[in-house]
Each structure stands twice: as C-alpha cells, then as structure tokens.
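A.B. asks: With the hints as extra help, turn the sequences into a complete structure.
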Amino acid sequence: MAKRKKFQKRQLITMFENGNYQKVISKIKQFEIEGMGEDELKEILTTSYTNLANSYFISGDITRALRDINSLLNINPSDANKLIKLKYLCYMEHFDDAIVIGEELINSKDSAIKKEAIFLYILANIYNHNHTIDKNLIKTLTLARQNYIQGFNALVQGDTTVALEFFEKSKPRSKVEKINLNAIISIIKNEPTLLNEDIKPLYRFLIDGDSRGLGNSKNSRSIQKELKTKFAQKNKNSDMKNLIELKSPIDVDIIIKDIEDKDQRDRLIYNNVMLFVQRENYTKALEIFIKYRENLIKFIESAKLFVVIIKNIDNQKSNKIYISFLYKYLNIYYKKLAPFDVDYIILTILELDNERGILVAKEYERDNIVFLLKDIQTIKEVEDTHQSRFDNIFKKYSSTTNNLLNSILLGMEVIDESLYYDTPENKHNFMEYISINIELLKNLKTPHNRYKNSIIKLLEVLALLMQSYTYNQYRSRYILLSDTIEHYIEYFKLNRLKLPIDIKALFVSISKERSVKREDIYDMDNDFLAMARRFIGEEASIDSKYNFNEKEYNSSIIQIEVMKAFERGDSNAFVSLADIDKSSIYSFIFEILIKLQKEDNISILNQIVDTSGIRLYDSSIRNDLISQIKIHIRENVELSMEIFEYAINSVPLSNRQSVWYLNWIYSYIDIVIRYKLAQNRFFDTFLRHFIYTQEKKRLKSLETKYKKLKIVYNSKGGLFD
Amino acid sequence: MIERSPYEILGLEGDFEFKDIKKAYRKAVIANPPEQKPKEFTIISNAYDILTNEEYFVNSSNLLYSLDVKLELSQEIKIDNSQYLKDIFEVPFII
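Protein sequences, first through last, are from chains A and B. For the first sequence, the numbering used here assigns the number 1 to the initial residue and increments by one for each residue that follows. For the second sequence, the numbering used here assigns the number 1 to the initial residue and increments by one for each residue that follows.
If you are wondering where the hints come from, they were derived from the structure by calculation, not from laboratory data. Glycine included, each C-beta is placed from N, C-alpha and C at the ideal position. Some hints here could point you the wrong way.
What the hints assert, rightly or not - Just a few of them, taken from the derived set where beta-carbon distance is under 8 Å, the chain B residues facing chain A: (1) F41; (2) S45; (3) D49; (4) T52; (5) L64; (6) V69; (7) L73; (8) S82; (9) D87; (10) E90; (11) P92; (12) F93.
C.D. replies: Here you go:
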C-alpha cells in the first residue's frame with residue numbers, strides 16, 4: 001500500500017478555525033495529518049460534519065445536510081447525532097425512515113433526547129397518515145407541544161376549527177415559537193400578518209410567496225410551483241391597485257399585459273410616469289415616456305409632464321427625440337394652448353437646440369422670442385419700430401419672457417470668455433450688438449417693475465462685456481452704458497452700494513479712463529496660478545475680475561451719498577456711515593467738516609456718532625485718528641484739535657486707564673507743545689490724568705513718555721495742586 | 001395629493017380651442033355654484049387658472065397632475081394556503 005502524503009496539523013487547525021469544514025474533511029480523507037492522534041481527528045471530524053450539516057440545513061439544502069449527518073453517524077453513532085438525523089429525515093419527508101429511527105430514540109436514556117424524539121416521532125406518524133396518538137407518549141411533552149400535536153392532527157384531517165382551538169391553546173414560552181405559531185394561525189384564518197425576521201421560511205412563503213430558505217423537499221418544490229402563479233397574480237393586483245390609487249408606480253409591463261382597453265392603458269402609463277417623476281426617478285420616467293411617447297402624445301397634458309422630466313435629465317444624446325416630440329405636440333395642440341403655454345414649450349426647444357427653437361418660434365409667430373433672439377442681432381441702427389417692439393416686450397410682464405431673457409443673459413455672459421480669444425473683427429461686430437442692446441435699454445419706456453432683476457442683470461452683463469473692450473477705442477459706448485445704468489438707478493431707485501461688481505467696475509473704468517478689468521482672467525496659465533495661490537491661501541488679491549478695491553469704492557459712494565443727504569438736511573444723513581469701510585471713517589470726518597466749513601463742528605460730530613453708531617475710539621480706527629491729525633494739523637489746526645478733543649472725550653471712563661488712551665493723550669499733549677498751540681483746559685486735564693495714572697500704574701511702555709511729561713507737569717507747578 | 005388634470009376637471013376633450021376654456025369654466029361653475037359646492041368651485045377655479053393664467057401656470061406644483069382612470073379592479077385575490085401546512089414538514093418550535 002502506497003504511503004499517504006502528509007498534511008500539516010497547524011494548517012488543518014487553521015482551516016478548522018476558519019470554518020472551512022468541507023476542506024477539513026477532504027484533507028483528513030486524502031492525507032495523513034502529521035502530529036494528530038485518532039481521538040483528536042475524530043473530534044475534529046465530528047464537529048466538522050455536525051457544523052457542515054447544520055449550515056446546509058439552515059440554508060435549506062437538507063439533502064446535503066442528511067448526507068453529512070450520515071457520514072457523522074459512521075464515526076460517531078450517538079443518540080444526539082441520531083436525533084439530528086431524525087430531524088433531517090422529517091424535513092426531507094422521509095417519514096417511514098423517520099419512524100424507524102424515532103422508535104429507537106424514544107427509548108433513549110437521555111431524557112432530553114427522548115422528549116425531542118417523541119415529538120418528532122408522533123409528528124412523523126401523523127404526516128404518514130397515522131392519526132392515532134399514543135397517549136402515554138404525548139403526556140411526556142410540554143403542554144404547548146401537546147396542544148400543537150393535537151391541533152396539527154386535526155388540521156391534517158381537515159378540521160380547521162378544532163385545529164385552531166388547539167393552536168390557540170398552545171402557548172409556547174419562547175418569543176420566536178409564539179411568532180411562528182401565530183403565523184400558522186394567520187395562514188389558516190387567511191388573515192394578513194406582520195412579517196417578522198423570525199418567521200420560519202415555510203410560513204413566510206405561505207404568507208407572501210417569498211421562497212427564500214424554503215427546504216428543497218419534493219413537496220416544497222411542487223407547492224412552490226403551484227403557488228408562484230397565484231402570488232404573481234395577487235401581487236399584480238395589489239400593484240395595480242396602488243397605481244390606480246396613485247400610491248406608487250409599477251412595472252409598466254403589468255399595465256401592458258393586464259389592461260386591454262387602449263385608452264385606460266395609456267392613461268395608466270401616463271399616471272405611472274407621473275408617479276416616477278413625483279419620486280424623482282426621472283431616468284425611469286423618461287425611459288417609459290420615450291418608449292410610449294406615441295401613446296402619450298394623445299394627452300394634452302403630456303408635454304408639461306415631459307418637460308418636467310427632461311429638465312431634470314442631462315442627456316444630450318436624445319435631444320432629437322425630445323425636440324421631435326415637442327414639435328409634434330405643438331402641431332397637434334397649438335390652438336388649444338394659452339400663448340404662455342406655447343412659449344413654455346418653445347423655450348424648452350430653444351434650450352435643447354437654439355436654431356431649431358428659433359425656427360419653431362417663427363413658425364408659431366412668437367414675435368417676442370424671435371425679436372429678442374434673432375432680429376435684434378441684425379439691427380444696424382435702432383429705428384422706432386425696433387424700439388416699439390422692445391418697449392412692448394417689457395411693458396407687460398410675462399414669466400416666460402423673463403425666463404427667455406435670463407437664458408439670453410446666460411448666453412451673453414458665456415460669450416465674454418470667447419471674446420478673449422476672438423478676432424478683432426468679430427469682437428467689433430459683437431460690440432455693435434452690445435451697443436444696440438444698450439441703446440434699446442436706454443430708450444426703453446416704462447418697463448414693468450417685475451423686469452427689474454432681469455434689466456439689472458442685463459446691465460451687469462453688458463458692463464462685463466464692455467470692459468473687455470479698450471476704453472480709448474470705445475469711450476462713447478462706455479459713456480452710453482454708464483448713462484443707461486444711471487437712468488435705471490434712478491428708475492428702479494437702486495442702492496448704489498448693492499450694484500453688481502461689474503457695474504461698479506464700469507464706473508471706476510470710466511473715472512480712470514481705462515478698463516479696470518483684469519486682462520488675464522481667462523488665461524489658462526493664470527487660472528492655474530490662481531488655483532495654486534488659492535491652494536496656499538493667497539487668494540485675496542486675485543479673486544476679483546477687476547483691478548479695483550470694492551471696499552474703497554463703496555466708501556467713496558457712501559461719502560458722496562452722506563454728503564448729499566446732509567446738505568439736503570436729512571436728519572438721518574449719517575446712518576449709512578455704519579456700512580463704510582472703517583479705515584475711511586476719520587478721513588471722511590475730516591473731509592466733511594472741512595468741506596462744510598461750519599462753526600458747529602461738535603454738533604455735526606454728535607450727529608455722526610449718534611446716528612451711525614460709530615465709536616471713535618474703536619480699536620480698528622484708533623491709529624487712523626493720529627495719522628489724520630498729522631495730515632490736517634498744518635492746514636486746519638483748530639478743526640484737527642477739535643476732533644482730537646472730541647474723540648478723546650468720547651472714550652468711556654472705564655477705558656481711560658488703558659495704554660492706548662494714555663498714548664492718545666500723550667500724542668495730544670505732544671502736538672500742542674510741538675505746534676506751540678494754546679494750552680487749554682483739555683491740555684491740563686489730559687496732562688494731569690496721564691501723570692496720575694502712570695504714577696499709579698507704572699506701565700513700562702509709557703515710562704519714557706511719563707518722564708517727558710513729568711517735566712512739563714512740574715513746569716506747570718504740578719498743575720497747581 | 002395629486003390634482004387631476006385641469007382639462008378633465010373642466011370637461012375639455014375632443015376638438016376644442018383655447019377660447020373654449022372660458023366657456024367650459026362658466027359651464028362648470030354653473031354646475032358647481034360656489035355657495036353650494038365651495039370645494040368643487042375651488043378645484044374648478046384652480047384648473048381654469050392653470051390653463052389661462054401664466055402666473056398660476058408657472059407656480060402650480062410642477063405642472064404635475066394625474067389623468068382620470070375609471071378602471072374596476074378584479075376582487076382582491078385571497079390565497080388560502082392553510083392546506084399546504086400539512087404537506088411540508090415544519091414546526092413552530094425550536095428543535
């Protein structure tokens with residue numbers, strides 16, 4: 001006999017621990033396991049066969065489970081293993097064999113095995129049409145099992161009433177067992193029940209047709225086949241009910257197969273598509289709609305549903321189908337639709353294919369659309385007829401026209417980038433188009449207020465485009481656009497501060513007589529550089545399309561507005577100073593007081609502080625005070641000192657011992673001395689305060705200043721105290 | 001709740017034109033006077049607005065509405081599976 005090859009024990013144990021029982025068994029059969037004794041091998045084989053059989057049983061493959069348990073019995077024919085075989089035989093419906101092994105086990109010395117065997121033995125007899133139950137045997141079982149057996153015996157003999165009585169009396173302790181018993185009761189009563197994970201596969205299958213985990217016995221196979229058709233019909237029925245009640249969409253094939261009436265069928269397909277749309281499953285909705293579009297087009301409602309779908313789908317490939325459907329739809333329903341309805345569909349076609357959209361708009365005489373999209377491009381010089389057509393469009397508000405304007409605007413915005421690469425000739429021709437638009441807008445009579453946003457956006461885009469052209473060459477167009485914008489600022493009462501950046505930049509461009517638009521915004525290399533800078537956090541200066549500081553611009557606007565309001569005598573003139581860039585506050589205060597040349601500077605300062613809420617000692621502007629004083633002291637000495645005194649006196653008492661406050665008053669004293677100004681009562685008060693506070697606090701940073709002022713202080717006789 | 005098609009609410013079918021919508025609306029209102037049938041009247045008015053008023057059209061809930069389906073479903077099928085309990089071996093107990 002050839003010597004068997006050897007296999008490492010360690011490897012075998014690893015396989016065993018990993019649950020590869022089939023491999024473990026096959027290795028033991030093929031090889032001699034090095035270093036493993038007979039007992040150890042037997043133990044591993046027993047566990048492997050038991051676990052393998054159990055896993056087959058759980059997965060519903062009882063034939064394999066039985067095969068493994070037979071192999072197990074060859075090694076270890078214990079009662080416990082025989083009981084497992086008895087269970088498997090029952091599940092395999094081999095009741096004759098089950099009865100034979102059961103008869104052996106009901107005499108087992110192990111009482112637990114004995115009880116379990118009695119239960120299975122009695123049931124195997126009942127399944128085998130032997131309805132006489134041995135009273136002595138059944139007595140040994142729990143009441144729950146006794147009642148179940150009695151009930152089952154009645155059920156097998158066709159007496160469901162008695163069966164139910166017993167089943168309802170059977171009250172197992174375990175929760176899982178209760179759930180399963182209730183499942184049996186609900187199957188018999190034909191009542192719906194809540195499906196639970198613990199319900200056994202057979203009961204689940206009988207309740208809702210789900211055959212997962214169902215055993216593969218002969219009976220279960222034939223029953224599965226039989227019930228499949230019944231459940232399919234039942235499910236179809238409930239699906240269809242859900243569709244009719246608009247609860248949920250269904251597989252469209254069910255509608256096609258089940259509904260013979262063509263009109264009803266198409267209506268159900270329409271509703272089904274709509275339900276998919278409602279659930280935002282646009283892909284499925286589109287798939288069905290496209291497939292049955294010839295059926296659905298007969299409904300006047302179909303186009304709107306279709307537009308909702310395609311607006312939520314990004315699939316350029318099917319544009320031709322979309323357009324062809326909408327065009328066909330318009331042909332059929334044109335006369336039945338409201339003008340805005342027709343526009344709505346044409347706008348959708350325009351979005352899909354601009355040229356085709358214009359052709360359709362022409363065909364259906366949608367003059368506004370044709371004018372805005374096509375005619376306006378061919379105007380060489382604005383004539384009265386053009387202006388009146390333009391006026392008419394803006395006179396009466398229409399959402400669809402507004403949507404059209406917005407899509408034109410988007411298109412124009414995109415052109416700005418292509419201008420960067422365009423030939424000078426094309427660029428010039430486009431300027432003509434821009435100019436026509438500006439001129440039409442400038443002379444537009446009383447546009448509807450609801451077009452306000454679109455008009456502002458239009459001006460914004462025109463300003464963006466305009467600044468792609470050199471100022472010197474197109475100065476007059478810059479001015480024309482600027483005048484037009486001014487007209488609308490007035491007309492719509494726009495807040496200059498809230499104007500779009502492109503418009504603000506246009507004003508700056510005009511004031512600087514050159515376009516402030518950065519020339520490199522569409523430069524790919526620059527983009528890369530910008531991205532790199534953004535990555536390292538250096539984005540502040542390169543974020544804008546324009547080379548100008550919007551904050552400074554806003555501040556200058558505020559100053560102009562405030563000045564105008566003050567001159568008008570507006571009591572709230574200074575309110576908008578709250579929005580001013582903080583770094584401009586002191587320069588503004590000086591500027592306005594110098595400009596006004598009034599005597600009551602204090603009352604103006606009071607007004608500024610009271611209405612704007614600005615704190616003159618705010619940490620962000622403290623240093624600006626000193627620098628502004630230094631700028632203005634020579635020219636406007638009195639005013640400068642007046643402002644300085646006012647600012648110092650506005651500081652609350654709680655802050656008057658802080659370093660910055662002491663620095664302020666030191667600067668004040670220093671300026672008075674340096675410029676040989678009159679030493680008034682403020683001078684004395686501030687000097688005394690500085691000396692007293694420093695002597696008390698002894699702040700290191702102020703020690704030198706203290707020594708200097710102490711001399712002044714002493715020269716003034718310790719301020720007479 | 002998904003609204004029914006405004007065309008169906010106003011009874012518009014077959015060969016009608018846009019101008020007929022108003023007539024259909026009047027007819028529907030006469031049949032459903034607001035003081036007697038306020039709910040129906042609201043539904044009819046909404047339907048009319050969707051078809052004739054651009055603002056309402058644009059703002060009406062995504063323009064989605066269902067079509068009327070008059071279909072009688074066959075009785076719900078009840079499947080009595082109790083008979084199969086005795087054919088396949090299974091017990092409610094943990095064995």
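A.B. asks: Does S82(B) hold up as a contact with chain A if the rule is Cβ-Cβ below 8 Å?
C.D. replies: holds, 4 Å
A.B. asks: How about F41(B): closest beta carbon in chain A under 8 Å, or not?
C.D. replies: violated, 21 Å
A.B. asks: Given F93(B) as an interface hint, is the shortest Cβ-Cβ distance to chain A below 8 Å?
C.D. replies: Holds, because the Cβ-Cβ distance from F93(B) to chain A comes to roughly 5 Å (cut-off 8 Å).
A.B. asks: How about V69(B): closest beta carbon in chain A under 8 Å, or not?
C.D. replies: The hint holds - V69(B) has a Cβ within 8 Å of chain A, the shortest such distance being about 5 Å.
A.B. asks: Quick check on D87(B) please, does its C-beta sit within 8 Å of some C-beta on chain A?
C.D. replies: Status holds, d = 5 Å.
A.B. asks: Once the shortest beta carbon distance from L73(B) to chain A is found, is it less than 8 Å?
C.D. replies: holds, 6 Å
A.B. asks: Does S45(B) pass the interface check with chain A, least Cβ-Cβ distance below 8 Å?
C.D. replies: This interface hint is violated because 16 Å lies over the 8 Å limit.
A.B. asks: If you take the shortest Cβ to Cβ gap from T52(B) to chain A, is it below 8 Å?
C.D. replies: The hint holds - T52(B) has a Cβ within 8 Å of chain A, the shortest such distance being about 6 Å.
A.B. asks: Answer holds if the nearest beta-carbon of chain A is closer than 8 Å to that of L64(B); otherwise answer violated.
C.D. replies: This hint holds: L64(B) lies near chain A, its Cβ roughly 6 Å from the closest one there, short of 8 Å.
A.B. asks: Less than 8 Å between beta-carbons is the criterion; does E90(B) satisfy it with respect to chain A?
C.D. replies: holds, 4 Å
A.B. asks: Is the hint on D49(B) kept, meaning its closest Cβ partner in chain A is under 8 Å away?
C.D. replies: Cβ of D49(B) sits 11 Å from chain A, so the hint is violated.
A.B. asks: Does the interface hint hold: is P92(B) within less than 8 Å of chain A, judged Cβ to Cβ?
C.D. replies: Because about 4 Å separates P92(B) from the closest Cβ in chain A, which is inside the 8 Å limit, the hint holds.
When held up to the earlier numbered hints, the structure conflicts with 1, 2, 3 and fits the remainder.
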